[in-house]
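Number of protein chains: 2
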Amino acid sequence: MDSEQFRAAAHQMVDYVIDYLDNIRNRRVLPTVEPGYLRKLIPEEAPEQGETWQSIFQDIERVIMPGVTHWHSPNFHAYYPTGNSWPAMLADILSDAIGCVGFSWIASPACTELEVVMMDWLGKLIGLPPVFLASTGGKGGGVIQGTASEAMLVGLLAARSKTLKRLKAEHPEKDEKILASRLIAYSSDQSHSAAERAGLLAGVHVRVLPTDDQLHLRADALQSAIKEDTANGKIPFFVVATLGTTPACSFDDIDELGPVCNDHLLWLHVDAAYAGSAFVCEEYHHYMKGVERADSFNFNPHKWLLVNFDCSAMWFKDADDIVSAFNVDPIFLKHDHQNSAPDFRHWQIPLGRRFRSLKLWFVMRSYGAQGLRDYIRKQIHLAEQFHQMLAADDRFEFPVPPSMGLVCFRLKGENSLSERLLKRINEAGQVYMIPAKLHETYIIRFAVCSRYTELSDVQASCEEIRRHANDIVSA
Amino acid sequence: MDSEQFRAAAHQMVDYVIDYLDNIRNRRVLPTVEPGYLRKLIPEEAPEQGETWQSIFQDIERVIMPGVTHWHSPNFHAYYPTGNSWPAMLADILSDAIGCVGFSWIASPACTELEVVMMDWLGKLIGLPPVFLASTGGKGGGVIQGTASEAMLVGLLAARSKTLKRLKAEHPEKDEKILASRLIAYSSDQSHSAAERAGLLAGVHVRVLPTDDQLHLRADALQSAIKEDTANGKIPFFVVATLGTTPACSFDDIDELGPVCNDHLLWLHVDAAYAGSAFVCEEYHHYMKGVERADSFNFNPHKWLLVNFDCSAMWFKDADDIVSAFNVDPIFLKHDHQNSAPDFRHWQIPLGRRFRSLKLWFVMRSYGAQGLRDYIRKQIHLAEQFHQMLAADDRFEFPVPPSMGLVCFRLKGENSLSERLLKRINEAGQVYMIPAKLHETYIIRFAVCSRYTELSDVQASCEEIRRHANDIVSA
Numbered sequence: 001m002d003s004e005q006f007r008a009a010a011h012q013m014v015d016y017v018i019d020y021l022d023n024i025r026n027r028r029v030l031p032t033v034e035p036g037y038l039r040k041l042i043p044e045e046a047p048e049q050g051e052t053w054q055s056i057f058q059d060i061e062r063v064i065m066p067g068v069t070h071w072h073s074p075n076f077h078a079y080y081p082t083g084n085s086w087p088a089m090l091a092d093i094l095s096d097a098i099g100c101v102g103f104s105w106i107a108s109p110a111c112t113e114l115e116v117v118m119m120d121w122l123g124k125l126i127g128l129p130p131v132f133l134a135s136t137g138g139k140g141g142g143v144i145q146g147t148a149s150e151a152m153l154v155g156l157l158a159a160r161s162k163t164l165k166r167l168k169a170e171h172p173e174k175d176e177k178i179l180a181s182r183l184i185a186y187s188s189d190q191s192h193s194a195a196e197r198a199g200l201l202a203g204v205h206v207r208v209l210p211t212d213d214q215l216h217l218r219a220d221a222l223q224s225a226i227k228e229d230t231a232n233g234k235i236p237f238f239v240v241a242t243l244g245t246t247p248a249c250s251f252d253d254i255d256e257l258g259p260v261c262n263d264h265l266l267w268l269h270v271d272a273a274y275a276g277s278a279f280v281c282e283e284y285h286h287y288m289k290g291v292e293r294a295d296s297f298n299f300n301p302h303k304w305l306l307v308n309f310d311c312s313a314m315w316f317k318d319a320d321d322i323v324s325a326f327n328v329d330p331i332f333l334k335h336d337h338q339n340s341a342p343d344f345r346h347w348q349i350p351l352g353r354r355f356r357s358l359k360l361w362f363v364m365r366s367y368g369a370q371g372l373r374d375y376i377r378k379q380i381h382l383a384e385q386f387h388q389m390l391a392a393d394d395r396f397e398f399p400v401p402p403s404m405g406l407v408c409f410r411l412k413g414e415n416s417l418s419e420r421l422l423k424r425i426n427e428a429g430q431v432y433m434i435p436a437k438l439h440e441t442y443i444i445r446f447a448v449c450s451r452y453t454e455l456s457d458v459q460a461s462c463e464e465i466r467r468h469a470n471d472i473v474s475a
Numbered sequence: 001m002d003s004e005q006f007r008a009a010a011h012q013m014v015d016y017v018i019d020y021l022d023n024i025r026n027r028r029v030l031p032t033v034e035p036g037y038l039r040k041l042i043p044e045e046a047p048e049q050g051e052t053w054q055s056i057f058q059d060i061e062r063v064i065m066p067g068v069t070h071w072h073s074p075n076f077h078a079y080y081p082t083g084n085s086w087p088a089m090l091a092d093i094l095s096d097a098i099g100c101v102g103f104s105w106i107a108s109p110a111c112t113e114l115e116v117v118m119m120d121w122l123g124k125l126i127g128l129p130p131v132f133l134a135s136t137g138g139k140g141g142g143v144i145q146g147t148a149s150e151a152m153l154v155g156l157l158a159a160r161s162k163t164l165k166r167l168k169a170e171h172p173e174k175d176e177k178i179l180a181s182r183l184i185a186y187s188s189d190q191s192h193s194a195a196e197r198a199g200l201l202a203g204v205h206v207r208v209l210p211t212d213d214q215l216h217l218r219a220d221a222l223q224s225a226i227k228e229d230t231a232n233g234k235i236p237f238f239v240v241a242t243l244g245t246t247p248a249c250s251f252d253d254i255d256e257l258g259p260v261c262n263d264h265l266l267w268l269h270v271d272a273a274y275a276g277s278a279f280v281c282e283e284y285h286h287y288m289k290g291v292e293r294a295d296s297f298n299f300n301p302h303k304w305l306l307v308n309f310d311c312s313a314m315w316f317k318d319a320d321d322i323v324s325a326f327n328v329d330p331i332f333l334k335h336d337h338q339n340s341a342p343d344f345r346h347w348q349i350p351l352g353r354r355f356r357s358l359k360l361w362f363v364m365r366s367y368g369a370q371g372l373r374d375y376i377r378k379q380i381h382l383a384e385q386f387h388q389m390l391a392a393d394d395r396f397e398f399p400v401p402p403s404m405g406l407v408c409f410r411l412k413g414e415n416s417l418s419e420r421l422l423k424r425i426n427e428a429g430q431v432y433m434i435p436a437k438l439h440e441t442y443i444i445r446f447a448v449c450s451r452y453t454e455l456s457d458v459q460a461s462c463e464e465i466r467r468h469a470n471d472i473v474s475a
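Taken in sequence, the protein lines are chains A and B.
Going by the UniProt record's numbering, the first residue of the first sequence is number 1, and it counts up by one from there.
Going by the UniProt record's numbering, the first residue of the second sequence is number 1, and it counts up by one from there.
Simulated from the structure, these hints should not be mistaken for lab results.
You may find that some hints are simply not true.
Unchecked claim - Pairs of lysine-lysine residues, derived as BS3-like cross-links and limited to a Cα-Cα distance of at most 27 Å, are as follows:
| # | chain 1 | residue 1 | chain 2 | residue 2 |
| --- | --- | --- | --- | --- |
| 1 | B | Lys139 | B | Lys168 |
| 2 | B | Lys412 | B | Lys437 |
| 3 | A | Lys174 | B | Lys177 |
| 4 | A | Lys234 | B | Lys177 |
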């Protein structure tokens with residue numbers, strides 16, 4: 001394919017994706033394929049000779065689309081949103097063409113520098129305290145990670161390194177590996193499973209603490225765990241607090257947890273993967289109260305802020321904590337400007353990295369702060385409207401109030417009723433939702449996800465839910 | 001931005017990136033900016049109101065391009081290549097539009113299934129033994145990771161988990177964390193620094209073994225390390241062997257190392273990040289002799305196989321090793337098809353993942369096996385031609401023979417002469433190369449990287465190098 005063939009093919013692809021997204025409402029949100037469907041549709045090996053673009057292009061509808069779960073369908077209400085917008089897609093085309101690998105400043109200065117400044121823009125936009133920003137000239141700063149799960153692991157590993165350094169300084173006679181074996185971290189029963197997984201990956205025990213009846217991790221639960229574990233010879237060192245949990249979008253009170261962490265020298269990582277985007281709106285800043293006590297803060301613009309995956313924003317209060325943790329500096333990566341600009345390879349798990357800040361730049365400029373606020377408020381309002389509609393049917397109950405763009409509901413009665421309801425709805429494939437458990441209560445999650453979702457879609461989803469409920473509980 | 005505005009903007013962007021790449025030869029490969037250049041060029045915060053596309057678009061040349069290191073310039077000879085091709089860029093546009101997050105089969109079946117089959121295509125294309133392929137119906141299979149450094153970490157963590165399970169079964173009375181503190185892994189002084197870093201991240205000691213005078217890690221060096229460490233109470237469990245090292249593209253003899261690893265129950269991870277792409281050509285298959293003894297194998301199509309970053313191909317001989325290592329399965333990720341198709345979230349560090357197999361599909365089909373072989377052979381030939389040209393100037397010497405697309409050279413005499421030469425060349429910014437150390441010998445690496453590099457570019461680079469050498473050593 002030469003550049004003129006690419007020009008024609010790219011224009012065709014652009015037209016195709018516009019058509020796909022603008023008409024996504026017409027596609028069944030969940031596919032009907034069975035596992036193994038795709039292998040039967042294509043050859044067993046790569047072709048010996050190159051194929052024409054048209055033969056590749058026509059296979060998108062034949063091979064790919066039958067097996068796509070349409071995350072941007074207005075009827076997709078599962079998990080949480082994944083971002084998607086025209087300006088972000090434009091930025092990715094540019095990022096692909098520049099195709100630099102920004103592991104150090106010299107490997108592409110623009111890639112590093114735009115990221116530093118965009119993380120400041122974004123931090124200011126969500127009202128993050130200046131101590132986290134690079135522009136204040138302190139030790140704070142932000143970096144784009146791939147996912148919130150990586151950010152959690154990076155936070156945990158930085159905390160482990162920092163804690164072991166302190167312990168080694170206090171007890172030079174002790175074996176570092178033995179000290180490491182005594183470390184213990186905390187998450188809650190509402191935290192994302194990525195917290196436990198980070199512990200498995202790092203070889204550190206992550207203790208899951210119970211939340212209160214409002215699904216919040218409380219200071220007294222944390223304090224008593226610290227006390228108990230310390231008495232048993234453990235060394236508490238890391239806490240994940242969540243602003244907007246996956247099951248019910250509940251919020252831990254970091255203003256209450258922060259002082260406990262600071263007093264006991266525990267690293268506080270704030271995971272606001274989903275809800276962090278809503279902090280572009282001032283009316284939600286109260287959830288961040290006390291965030292200045294955190295050591296690291298993370299949210300995913302690629303979830304709810306119209307930036308295509310992957311773009312997970314993470315800030316450190318003291319970037320030295322991470323840079324000094326895993327810095328291996330071979331000669332082939334050394335350069336003359338190492339002390340005057342960050343080499344982001346030290347801030348993350350992988351070595352290589354794409355030019356992802358272009359997406360943030362294009363999206364923030366194209367929408368403007370006001371446009372992003374309007375977007376968030378509209379989606380939250382849609383969730384509230386859905387809640388009102390479904391609440392009018394008294395077969396349903398809502399164990400927790402709607403939170404952000406998420407409504408958790410269930411049929412009154414046994415868990416099994418709601419389980420059967422969800423199974424029916426997803427099998428019909430017109431609306432896609434997933435379940436969660438709030439302590440022992442099974443709920444169905446309705447998350448407003450797509451930027452194409454309008455009131456009429458939410459009304460139709462509500463009708464679909466009620467129709468299937470008729471087969472289980474009489475109206 | 002609505003879809004019609006996007007159509008116009010995307011067509012403009014497509015035309016821009018074609019112009020950028022087709023004329024990249026005219027840009028200085030290294031930028032002249034100083035650290036901090038970018039912050040001065042843009043506002044301190046995001047705009048309140050959205051901006052027009054044209055105001056964003058015109059800032060690409062004003063703000064970004066002055067700070068770009070042009071990895072696809074024909075004069076870029078640093079590090080190793082990073083892939084870039086028209087078909088891969090088309091696939092990324094589609095991937096962005098579908099915008100699914102493929103952490104489980106149900107989250108988008110096509111995303112998982114195309115990846116399974118493409119990893120089979122790719123494995124067959126490079127001559128990987130069937131035991132690594134999913135299509136053989138055994139326990140093998142491939143997955144796309146982000147980077148070779150992540151693949152190395154994943155391999156190490158899977159090995160740690162597998163080893164600890166075995167040790168716990170053998171010694172149920174022993175504390176797992178104490179056992180873990182005795183683990184030791186091996187890499188060589190020519191392995192990528194990512195191996196040591198994986199050890200830092202995992203909290204495991206990675207011992208760097210010396211290579212022989214041909215820069216190969218030898219079985220006797222490995223055996224004596226195992227013997228010594230075992231005698232000291234350590235538990236050897238993991239070895240990184242490299243096919244195509246970063247400093248000099250040297251090849252460890254895995255046919256010799258494999259039996260040692262198998263005999264001592266050490267996990268063998270083969271890192272072929274760069275050179276693995278060359279295995280599309282049968283004449284290089286001898287480097288893989290004995291690979292069936294490895295537990296995991298990795299190479300980066302995003303380096304040398306014309307696939308845009310990120311796309312790091314990794315195969316396991318027994319995928320259960322990784323799936324069982326870090327499987328945390330909360331209710332919101334469970335689905336009905338968990339046993340009939342892989343949930344790739346268990347195979348990697350992050351939870352989320354993009355639809356990256358589209359790039360492999362488009363590239364393999366568009367070039368065909370023959371086109372990919374032609375591409376690799378052409379680049380290797382260019383390196384050979386460069387070597388011949390520079391060898392005609394007897395001020396230069398070549399401590400190791402050219403290998404694949406890499407030529408390592410130096411000025412005869414003290415290291416400092418070559419250090420000064422490289423500094424001058426990179427300051428002039430017409431050609432970009434980086435150094436390495438082969439044991440104590442400083443060398444300059446000339447890697448053929450860009451798909452735009454032609455013989456005339458290589459000739460011009462050679463002249464540029466010789467011209468700067470004139471200022472250091474008389475001709």
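Cross-check of the supplied hints:
no.	hint	verdict
1	B:Lys139 / B:Lys168	holds (23 Å)
2	B:Lys412 / B:Lys437	holds (15 Å)
3	A:Lys174 / B:Lys177	holds (16 Å)
4	A:Lys234 / B:Lys177	holds (12 Å)
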